[in-house]
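Asks: In order, the protein sequences belong to chains E and L. Under this note's numbering, the letters of the first sequence match residues 1 to 235, in that order. Under this note's numbering, the letters of the second sequence match residues 1 to 417, in that order.
These are computed hints drawn from the structure, not numbers from a lab. In this text, a Cβ means the ideal position worked out from N, Cα and C, and glycines have one as well. A portion of the hints provided could be inaccurate.
[To be verified] So, partial list: chain E residues that the calculated Cβ filter (under 8 Å) puts toward chain L:
#, residue
1, 11
2, 67
3, 99
[Stated by the list, open to error] Capping the alpha-carbon separation at 25 Å, the derived lysine-lysine pairs in DSS-like fashion look like this:
#, chain 1, residue 1, chain 2, residue 2
4, L, 392, L, 258
5, E, 87, L, 258
6, E, 21, L, 69
7, L, 392, E, 213
8, L, 120, L, 69
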Amino acid sequence: MKLLVIEDEIELSKSICAYLKNDNFICEPAYDYNEAIRKISTSNYECILLDINLPMGNGLNILKELKGLGKADGVLIISAKNSLNDKVWGLNLGADDYLTKPFHLPELSARVAAIIRRKTFDGKNRIVTGELIIDLQDKVARGKEGVIDLTRKEYELLVYFTGNKNKVVTKEAIVEHLWGDHIDMADNYDFIYTHIKNLRRKLIQAGCPDYIKAVYGMGYKFDTAVNENHTIKKG
Amino acid sequence: MKLLTKYSLVNLAVMVVIFLLSSLSLYLLTQTILLREMDSDLAGIETRINSYIKQYHQLPEGNPLDEEKIDFVPAGNQKIIRSSELVQMYSDREQKMHNYRKLVFPLFFQNTWYKVTVAKPVEGMHHLSNALINVSLATILAAIIISVILNAFLIRRLWRPFYKAMEIMRNFKLGRTESLNFPRTTIEEFSFMNESLLLATEKAEQDYLLLKEFTENASHEMQTPLSIIRSKLDMLIQEKNLSQKQSELVTEAYASIKKLSRLNQSLLLLAKIENQQFNMLQHINLKPLVEDKILQFNELWQSRNIAVEYDLEDCIVQISPDLLDILLNNLLSNASNHNLPGGRIVIHLKQNQLVISNTGTQAALNEKKLFSRFYKESVNSNSNGLGLSIIKQIAKTSSLTAAYRFTGNMHSFILQW
Chain E
1 MKLLVIEDEI
11 ELSKSICAYL
21 KNDNFICEPA
31 YDYNEAIRKI
41 STSNYECILL
51 DINLPMGNGL
61 NILKELKGLG
71 KADGVLIISA
81 KNSLNDKVWG
91 LNLGADDYLT
101 KPFHLPELSA
111 RVAAIIRRKT
121 FDGKNRIVTG
131 ELIIDLQDKV
141 ARGKEGVIDL
151 TRKEYELLVY
161 FTGNKNKVVT
171 KEAIVEHLWG
181 DHIDMADNYD
191 FIYTHIKNLR
201 RKLIQAGCPD
211 YIKAVYGMGY
221 KFDTAVNENH
231 TIKKG
Chain L
1 MKLLTKYSLV
11 NLAVMVVIFL
21 LSSLSLYLLT
31 QTILLREMDS
41 DLAGIETRIN
51 SYIKQYHQLP
61 EGNPLDEEKI
71 DFVPAGNQKI
81 IRSSELVQMY
91 SDREQKMHNY
101 RKLVFPLFFQ
111 NTWYKVTVAK
121 PVEGMHHLSN
131 ALINVSLATI
141 LAAIIISVIL
151 NAFLIRRLWR
161 PFYKAMEIMR
171 NFKLGRTESL
181 NFPRTTIEEF
191 SFMNESLLLA
201 TEKAEQDYLL
211 LKEFTENASH
221 EMQTPLSIIR
231 SKLDMLIQEK
241 NLSQKQSELV
251 TEAYASIKKL
261 SRLNQSLLLL
271 AKIENQQFNM
281 LQHINLKPLV
291 EDKILQFNEL
301 WQSRNIAVEY
311 DLEDCIVQIS
321 PDLLDILLNN
331 LLSNASNHNL
341 PGGRIVIHLK
351 QNQLVISNTG
361 TQAALNEKKL
371 FSRFYKESVN
381 SNSNGLGLSI
391 IKQIAKTSSL
401 TAAYRFTGNM
411 HSFILQW
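Bound-form chain E, shown alone (with noise of 0.2 Å):
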């Protein structure tokens, strides 16, 4: 699966692109308008990740040349301008999301995946990730022993790792996507510990592994690599 990056921040390109590269996805980077142009019309991405103001050229007019173009790639808007005009003239353009400067990494890859999910799966679709089954129809998840009783906030938080597999996740950015932006807890996150602490549990419970690692003081990793030992450990 291919993403494209149209960031003319090359600093901030690399580091999208380092993060969301993975064995499923390979990420090209285009710098201006014009490259971003030719790449659109001659190759498709599952996910286009779109910033407005770049080099020779408006970004929403890359938005509509793909839609002219009768390309079906996701469209992520990424902008330093929150502007509500740019939000709502983006969306009415066919883009899928938008995401304002600055970003919790994590946070775009969860809504990337999001993107790529709805695209790839008609709606109809689930998170597979070892033993744990997300129906995000649904909103159920299920491990080896049946459904797990998640509450909404769980729910939404197990959703959030799944898209930031194997990566480190700060207290903040998870803070941030459950509770939005506006709410100001005054850098106090002890509270996500609580959520935290049922989610592991009721996985284990329902037979997964126990992919959730605290990582020092900083946050959390979905671990998907842990290997079954765990769970043999524990049996």
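Let chain E serve as the given structure and place chain L on it in line with the hints.
Replies: Using the frame of chain E, we list chain L on its own:
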């Protein structure tokens, strides 16, 4: 003191002095002229006496009907010098002492020198001086009355463009786009003043716009480097084998970037609210929104053992939905972040007001500074000091009032429609 009053007072004082001086000089001048006139009358009498003697060779008899008193006294050896003076003499007619002008001259008749005294009453001068004083007093009074009336009507009318211009300046606020409309005036000074005021305000307006744009542009420009730093930190923590020390350093850098982003967003938000970028007003019922927010914050409050009480009535307001969301978030974040562990939050929503109270520090906050930018109660505060100024700014653009009260150990923020 008004310029007008001051001017009138000086004007009046000068007028009084001028009138007094002029009446005095008029009086003196008239007196001199009268005396001269009288002296020439008396000299005329002298001539008539001389010609009478030449013609009839005898001294004339005084006529009792005449005002003049004429005396002939033989002078003997006395040498008579011609002289005239003012004297007090008894008036037979008026039966009292009176001012007389007296002329003494020598007369040679039938080989004898006579001393001739001719006197004439000068009562007219007394009347004249009285009349002059009365006239000048009346004129001064009339001048005062006329100038007061002029002040009251004419001059006030003349100054009207000035007061109108001042009124416009007093209502002038930066950031309102319409240009000032001074009344047209034919008076050169006032139109010069209006022109200068217009120039000054337009310049101020331009500078203000530049400054506003600067804030917005600067905040925008900061977004990209902030994104890059944040993305690099996100990549850094993916590195395997980070030591605990390194993790701590990254976490601290992360927290600061977070603060910087938030600060930047707040500044941008303030600039946008000021630039009227949230102008899609809607009628919104606050009650379900506040209920939603309470649900959202509940977890945070539970984790800090903060008890919440609320009493909500329906309340329809006209406001931009985005601003309302920010407003509620800021008020509730504020009530949580400055609360004590185990504290309380009380939310009252009535038909036209929302009161959010919380426990916190024991003393009242400084109400005057509270809503100003970058004001913090404590130096180590985690907040950036912009939350309340955002609330104030939203209140201002949404025509509602935001106030603070400290009662019964509770800090309350009150929004009123």
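Asks: So which of those numbered hints doesn't the model satisfy?
Replies: Hints 2, 3, 6, 7 not satisfied by this model.
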